[in-house]
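J.: What follows is each chain in one-letter form.
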Amino acid sequence: MNLEGLEMIAVLVVVVLFVKVLEQFGLLEASYDDSVEDELELSAVRHRPEGLEQLEAQTRFTRKELQVLYRGFKNECPSGVVNEDTFKDIYSQFFPQGDASTYAHFLFNAFDTDHNGSVSFEDFVMGLSILLRGSVQEKLNWAFNLYDINKDGYITKEEMLDIMKAIYDMMGKCTYPILKEEAPRQHVEIFFQKMDKNKDGVVTIDEFIDCCQNDENIMRSMQLFENVI
Amino acid sequence: MAAGVAAWLPFARAAAIGWMPVANCPMPVAPRDHGKRQDELIILNVSGRRFQTWRTTLDRYPDTLLGSSEKEFFYNEETKEYFFDRDPDAFRSILNFYRTGKLHYPRHECISAYDEELAFFGIIPEIIGDCCYEEYKDRKRENAERLMDDQEENKDNKLPNMNFRETMWRAFENPHTSTMALVFYYVTGFFIAISVITNVVETVPCGSTPNQKDVPCGERYTVAFFCMDTACVMIFTVEYLMRLFAAPSRYRFMRSVMSIIDVVAILPYYIGLVMTNNEDVSGAFVTLRVFRVFRIFKFSRHSQGLRILGYTLKSCASELGFLLFSLTMAIIIFATVMFYAEKGSSSSKFTSIPASFWYTIVTMTTLGYGDMVPKTIAGKIFGSICSLSGVLVIALPVPVIVSNFSRIYHQNQRADKRRAQKKARLARIRVVKTGMSSAFLHNKRNGLFNELLELPVMEQHLSKTASLLESQHHHLLHCLEKTTVSLLPTSTISNMTAHEFVDEQLYEQNCREGAVQSYPSCSPSLSSQEGPTGTCCTHQARKNPLPDASVPPTCQGALQELSAVHIQCSDQPALSTSRSSLNMKLDDTSRLNCKSGLITTAIISIPTPPAVSPEGDSQPLTSPSMQTIASSNAVKVSTL
Numbered sequence: 001m002n003l004e005g006l007e008m009i010a011v012l013v014v015v016v017l018f019v020k021v022l023e024q025f026g027l028l029e030a031s032y033d034d035s036v037e038d039e040l041e042l043s044a045v046r047h048r049p050e051g052l053e054q055l056e057a058q059t060r061f062t063r064k065e066l067q068v069l070y071r072g073f074k075n076e077c078p079s080g081v082v083n084e085d086t087f088k089d090i091y092s093q094f095f096p097q098g099d100a101s102t103y104a105h106f107l108f109n110a111f112d113t114d115h116n117g118s119v120s121f122e123d124f125v126m127g128l129s130i131l132l133r134g135s136v137q138e139k140l141n142w143a144f145n146l147y148d149i150n151k152d153g154y155i156t157k158e159e160m161l162d163i164m165k166a167i168y169d170m171m172g173k174c175t176y177p178i179l180k181e182e183a184p185r186q187h188v189e190i191f192f193q194k195m196d197k198n199k200d201g202v203v204t205i206d207e208f209i210d211c212c213q214n215d216e217n218i219m220r221s222m223q224l225f226e227n228v229i
Numbered sequence: 001m002a003a004g005v006a007a008w009l010p011f012a013r014a015a016a017i018g019w020m021p022v023a024n025c026p027m028p029v030a031p032r033d034h035g036k037r038q039d040e041l042i043i044l045n046v047s048g049r050r051f052q053t054w055r056t057t058l059d060r061y062p063d064t065l066l067g068s069s070e071k072e073f074f075y076n077e078e079t080k081e082y083f084f085d086r087d088p089d090a091f092r093s094i095l096n097f098y099r100t101g102k103l104h105y106p107r108h109e110c111i112s113a114y115d116e117e118l119a120f121f122g123i124i125p126e127i128i129g130d131c132c133y134e135e136y137k138d139r140k141r142e143n144a145e146r147l148m149d150d151q152e153e154n155k156d157n158k159l160p161n162m163n164f165r166e167t168m169w170r171a172f173e174n175p176h177t178s179t180m181a182l183v184f185y186y187v188t189g190f191f192i193a194i195s196v197i198t199n200v201v202e203t204v205p206c207g208s209t210p211n212q213k214d215v216p217c218g219e220r221y222t223v224a225f226f227c228m229d230t231a232c233v234m235i236f237t238v239e240y241l242m243r244l245f246a247a248p249s250r251y252r253f254m255r256s257v258m259s260i261i262d263v264v265a266i267l268p269y270y271i272g273l274v275m276t277n278n279e280d281v282s283g284a285f286v287t288l289r290v291f292r293v294f295r296i297f298k299f300s301r302h303s304q305g306l307r308i309l310g311y312t313l314k315s316c317a318s319e320l321g322f323l324l325f326s327l328t329m330a331i332i333i334f335a336t337v338m339f340y341a342e343k344g345s346s347s348s349k350f351t352s353i354p355a356s357f358w359y360t361i362v363t364m365t366t367l368g369y370g371d372m373v374p375k376t377i378a379g380k381i382f383g384s385i386c387s388l389s390g391v392l393v394i395a396l397p398v399p400v401i402v403s404n405f406s407r408i409y410h411q412n413q414r415a416d417k418r419r420a421q422k423k424a425r426l427a428r429i430r431v432v433k434t435g436m437s438s439a440f441l442h443n444k445r446n447g448l449f450n451e452l453l454e455l456p457v458m459e460q461h462l463s464k465t466a467s468l469l470e471s472q473h474h475h476l477l478h479c480l481e482k483t484t485v486s487l488l489p490t491s492t493i494s495n496m497t498a499h500e501f502v503d504e505q506l507y508e509q510n511c512r513e514g515a516v517q518s519y520p521s522c523s524p525s526l527s528s529q530e531g532p533t534g535t536c537c538t539h540q541a542r543k544n545p546l547p548d549a550s551v552p553p554t555c556q557g558a559l560q561e562l563s564a565v566h567i568q569c570s571d572q573p574a575l576s577t578s579r580s581s582l583n584m585k586l587d588d589t590s591r592l593n594c595k596s597g598l599i600t601t602a603i604i605s606i607p608t609p610p611a612v613s614p615e616g617d618s619q620p621l622t623s624p625s626m627q628t629i630a631s632s633n634a635v636k637v638s639t640l
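For the record, the sequence lines run as chains W and L.
Note that the UniProt record's numbering numbers the first sequence so that position 158 is 158, with each residue one more than the last.
Note that the UniProt record's numbering numbers the second sequence so that position 107 is 107, with each residue one more than the last.
Derived by calculation from the structure, the hints in this document are not laboratory data.
The model shown is predicted, which means the values in this text are computed figures rather than measured ones.
Be a bit skeptical, because a hint or two may be false.
[As the list claims (entries may be wrong)] Incomplete in silico selection of chain L near chain W, CB under 8 Å:
1) P10
2) F11
3) A14
4) A15
5) I17
6) N24
7) A30
8) F191
9) F382
[Said to hold, decoys possible] As a list, the in silico EDC-like pairs of lysine to aspartate or glutamate whose alpha-carbon atoms are at most 16 Å apart:
10) W:K165 <-> W:E189
11) L:K375 <-> W:E7
12) W:K197 <-> W:E207
13) W:K64 <-> L:E481
14) L:K140 <-> L:E116
15) W:K165 <-> W:D152
16) L:K380 <-> W:E76
17) L:K380 <-> W:E4
18) L:K140 <-> L:E117
19) L:K375 <-> W:E4
20) L:K343 <-> W:E4
21) W:K64 <-> L:E40
22) L:K140 <-> L:D115
23) L:K102 <-> L:E134
24) W:K88 <-> W:D169
25) L:K102 <-> W:E76
26) L:K444 <-> L:E481
27) L:K343 <-> W:E7
28) W:K194 <-> W:E181
29) W:K199 <-> W:E181
30) L:K137 <-> L:E173
[Said to hold, decoys possible] Pair by pair, the computed Cβ-Cβ distance ranges are:
31) W:Q186 <-> L:P106: 32 to 42 Å
32) W:E189 <-> L:E72: 49 to 59 Å
33) L:I353 <-> W:L17: 21 to 31 Å
34) W:K74 <-> L:N76: 29 to 39 Å
35) L:C25 <-> W:K74: 36 to 46 Å
36) L:G310 <-> W:K74: 58 to 68 Å
37) W:L17 <-> L:S318: 47 to 57 Å
38) L:D59 <-> W:N227: 47 to 57 Å
39) W:P78 <-> L:V398: 43 to 53 Å
40) W:V14 <-> L:D371: 21 to 31 Å
Beta carbons: idealized from backbone N, C-alpha and C, even for Gly.
Isolated chain W, as found in the complex (with noise of 0.2 Å):
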């Protein structure tokens, strides 16, 4: 049979055709890759915490400010645990005016332990029970923690930038007097100075809390929340 141009074009479809109708009876197998997805799904992250007496034992908290605390956070986040942007969500209520999104993640990081991506409730009310508990060493400690992005020790001019803009943007653009370009960058300098003792552009934990417990304003502002919960 001498086959022209528009003839084999039309078996060709004919053909296509016919290979749609098997796969559709499933006799011939599709191979695409997006089946492997659907089952990470099904395992959804369901996480309960430890129990009530543990939690006791490791936080400050008495058994029923954690009851309260947990109420209020499996209310919020029913399977258990906090995603980050569940998490950003939540903070960016509380600053409608600006955006409070980049400061979160750095929260997130500073509340994420173990870093898994996650916040479980341990690592929740672990946190507040420092920042809300603790001693002025641990709660330096903490800020600290927060402010050294890369968790290696040392707070570098760089990273204090990133955190000052973080909160200069939780301010958001309608503010009095208005918010200029190097306000960031000038109260990094003026925290640098502050700090950095030794003048190697880089602050170390103990010049941190070594500065911070000689600065009074700050010694008192610590203690400014200590009856939240």
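Chain L: place on chain W using the hints.
T.: Chain L in isolation, oriented as in the chain W frame:
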């Protein structure tokens, strides 16, 4: 700030410690949490079903009833719970809103009941979650349409003063309003049918003469057909002109579809009259005859189904447009392919692409005339693909059109059904209203009887089981009566009395009679007459100077003082005689009064028989008492 996030505020405040080392200035003082109490459970008792929740859960939304101090109004001291006398089922979704932050609309709930609950608890329906919002909006729209239909029907009600033009317009729009309209409706319908049949029969070949081939009837009986046509067009013209005259807005009427159809239906005739025997335009003349078939569209005034079909097509315009567009695309594609496929074969009918359009259309709509068939293999393959895809493309928009039609049709049916139900509903409402007012009047009469006859003992018998509510209501109406003072032109201060409620029947009758009669202007002698029965209702029957004949026939003036007691009872014809019934012994009176529920109204009515002359003060007063009103077994007892 959203609800659950309030629970995270402590966390956000704690995290603020991260700013402290960076800050240069001292921080403001934190607010103290006075009266910090432990979170407590509150009990919400909704019609017996108890719901419990934390107080802080409710405090999440402070601008609703449950979240604000408004709920203190519902606090029950004895049981230490908040009691709401509402539907517990609907309350479930409301309480869930506080718990989860999302408001859901339960599908089985009636939309207006749900709306009421939301309004009561101070929650705006706009925060219904996405999952349920569409359903809610759909139901609400349906409900609004239903209510709108009801309102539209109200416009049909007869306005009291319609001039001739408006009456005519109403007759045209609703043929059921009067017999004339109905007759007109049927006559026009008949003539439309006649006209259409004439047009059709005109072209039928009838009776061939041997030496000629078949001649259509139109040419054989020209005169007859011409006369029929003329008659129909006359009727249609007259109808159109009458509609044009009666239309409230002529400009809008002329732009409406029906009027255009009318014009198109009758114009060819006149144009034909004008340009007779002009050879050049006779071709156009023939074309014009085609337009005569549009007369059949005039039937859409007569048939609601046709109108519904029209609305459906109009409302599905976008789906039809899509169908047309996709069909056009497919036709062009397949025509091109078929043309090139069949180019090779000899004596192929597919001479050009436009010629192939015909094949494609016939194949896609599965007609398959067979005047053009592909001969090559490629042509046959593509031809079969063409017919398969044709079926699919046409089947797609059809369900949308059908569902639209069904919706509009059911809406119409619903409207008809509601119209029928409305009549029954109005009748029911009217019965209830008259029952209420007659109960009031009855109680009043009984009360007065008791006062005058000084029979406190009878009260227990006569006052039926009137509830406290009813008696308070009647007292209210009584006060209203006393408040409104009847200021008739000839009355003096001492003669002023209050208006009174009367039975509707009697009111109308009095209006009628008021138009006929002129009343005695003053009958002081009547009031001074105090027989043994006169004491009965004298202070009620204090004679007002009755209005003279200047009372407008529509009785819109003040209600006249009425002077006879009219008791309607069904089964006591023996008592129909006269005021002597008032002389009856006590127990008889009580029997009279306590009879079956038909003793409804006790009204004072004017003695009305024509026999009463203007001076006839002391004239027969018994005659009015014997007059029965409304041809029922009414006992009219005069109290003069």
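J.: Would you mind marking each hint as holding or not holding in the structure?
T.: These are the hints, each one checked on the structure:
For the restraint placing P10 (chain L) at the interface with chain W, the shortest Cβ-Cβ distance is roughly 5 Å, inside the 8 Å limit, so the hint holds. Residue-level restraint check for F11 (chain L) holds (minimum Cβ-Cβ distance to chain W is 6 Å; threshold 8 Å). Against a cut-off of 8 Å between C-beta atoms, the interface hint on A14 (chain L) holds, since the closest Cβ of chain W lies about 4 Å away. The interface hint given for A15 (chain L) is met, as the beta carbon of that residue sits about 6 Å from the closest beta carbon of chain W, less than 8 Å.
Hint status for I17 (chain L): holds, given a least beta-carbon distance of 5 Å to chain W, under 8 Å. Hint status for N24 (chain L) relative to chain W: holds, with the closest Cβ pair at about 7 Å, below 8 Å. For A30 (chain L), the shortest C-beta to C-beta distance to chain W is roughly 5 Å, which falls under 8 Å, so the interface hint holds. Hint status for F191 (chain L) relative to chain W: violated, with the closest Cβ pair at about 59 Å, above 8 Å.
Given hint, F382 (chain L) at the interface with chain W, holds; its Cβ is 6 Å from that chain's nearest Cβ, closer than 8 Å. With a C-alpha separation of about 13 Å, the suggested pair K165 (chain W) and E189 (chain W) falls inside the 16 Å cut-off, and the hint holds. Note on K375 (chain L) and E7 (chain W): the hinted pairing holds, with a Cα-Cα distance of about 12 Å set against a maximum of 16 Å. For the given pair, K197 (chain W) sits about 7 Å from E207 (chain W) by alpha-carbon distance, which is consistent with the 16 Å threshold.
Only pairs whose Cα atoms come within 16 Å are accepted, and K64 (chain W) paired with E481 (chain L) is rejected, the gap being roughly 68 Å. With a C-alpha separation of about 13 Å, the suggested pair K140 (chain L) and E116 (chain L) falls inside the 16 Å cut-off, and the hint holds. Straight-line distance between C-alpha atoms of K165 (chain W) and D152 (chain W) comes to about 21 Å, which puts the hinted pair past the 16 Å bound. This hinted pair does not check out: K380 (chain L) and E76 (chain W) have alpha carbons roughly 64 Å apart, beyond 16 Å.
About 14 Å separates the Cα atoms of K380 (chain L) and E4 (chain W), which keeps this hinted pair within 16 Å; it holds. Proposed proximity of K140 (chain L) and E117 (chain L) is supported: the alpha carbons are some 15 Å apart, at most 16 Å. Taking the CA atoms of K375 (chain L) and E4 (chain W), the gap is near 15 Å; set against the 16 Å cutoff, the hint holds. For the suggested pair K343 (chain L) and E4 (chain W), the alpha carbons sit about 12 Å apart, so the restraint of at most 16 Å is met.
Annotation: proposed proximity of K64 (chain W) to E40 (chain L) holds, straight-line Cα distance about 12 Å (limit 16 Å). Simply put, K140 (chain L) and D115 (chain L) have alpha-carbon atoms about 9 Å apart, close enough for the 16 Å limit, and the pair holds. With a C-alpha separation of about 15 Å, the suggested pairing of K102 (chain L) with E134 (chain L) holds against the 16 Å cut-off. For a cut-off of 16 Å, the pair hint linking K88 (chain W) to D169 (chain W) stands: about 14 Å separates their Cα positions.
Between K102 (chain L) and E76 (chain W) the alpha-carbon distance is near 12 Å, which keeps this suggested pair within the 16 Å criterion. At most 16 Å may separate the alpha-carbon atoms for a hinted pair to count; K444 (chain L) and E481 (chain L) meet this at roughly 11 Å. Among the hinted pairs, K343 (chain L) with E7 (chain W) is consistent with the structure: their alpha-carbon atoms are about 12 Å apart, no more than 16 Å. For the given pair, K194 (chain W) sits about 22 Å from E181 (chain W) by alpha-carbon distance, which is inconsistent with the 16 Å threshold.
At roughly 25 Å between alpha-carbon atoms, K199 (chain W) and E181 (chain W) are farther apart than 16 Å, so this suggested pair is violated. For the hint linking K137 (chain L) to E173 (chain L), the alpha-carbon distance of about 34 Å lies beyond 16 Å, and the restraint is violated. About 58 Å separates the C-beta atoms of Q186 (chain W) and P106 (chain L), a value inconsistent with the hinted range of 32 to 42 Å. The supplied range of 49 to 59 Å is met by E189 (chain W) and E72 (chain L), whose beta-carbon atoms lie about 56 Å from each other.
The hint said 21 to 31 Å for the Cβ distance between I353 (chain L) and L17 (chain W), and at roughly 25 Å that hint holds. With their beta carbons about 32 Å apart, K74 (chain W) and N76 (chain L) fall inside the hinted range of 29 to 39 Å. Between C25 (chain L) and K74 (chain W) the Cβ separation comes to about 38 Å, which falls inside the hinted range of 36 to 46 Å. For the pair G310 (chain L) and K74 (chain W), the supplied restraint of 58 to 68 Å holds, since their beta-carbon distance comes to about 59 Å.
At roughly 32 Å, the beta carbons of L17 (chain W) and S318 (chain L) sit outside the given window of 47 to 57 Å. Restraint check, D59 (chain L) to N227 (chain W): a C-beta distance of roughly 19 Å breaks the suggested window 47 to 57 Å. At roughly 45 Å, the beta carbons of P78 (chain W) and V398 (chain L) sit within the given window of 43 to 53 Å. For the pair V14 (chain W) and D371 (chain L), the beta carbons lie near 26 Å from each other, so the given range of 21 to 31 Å is met.
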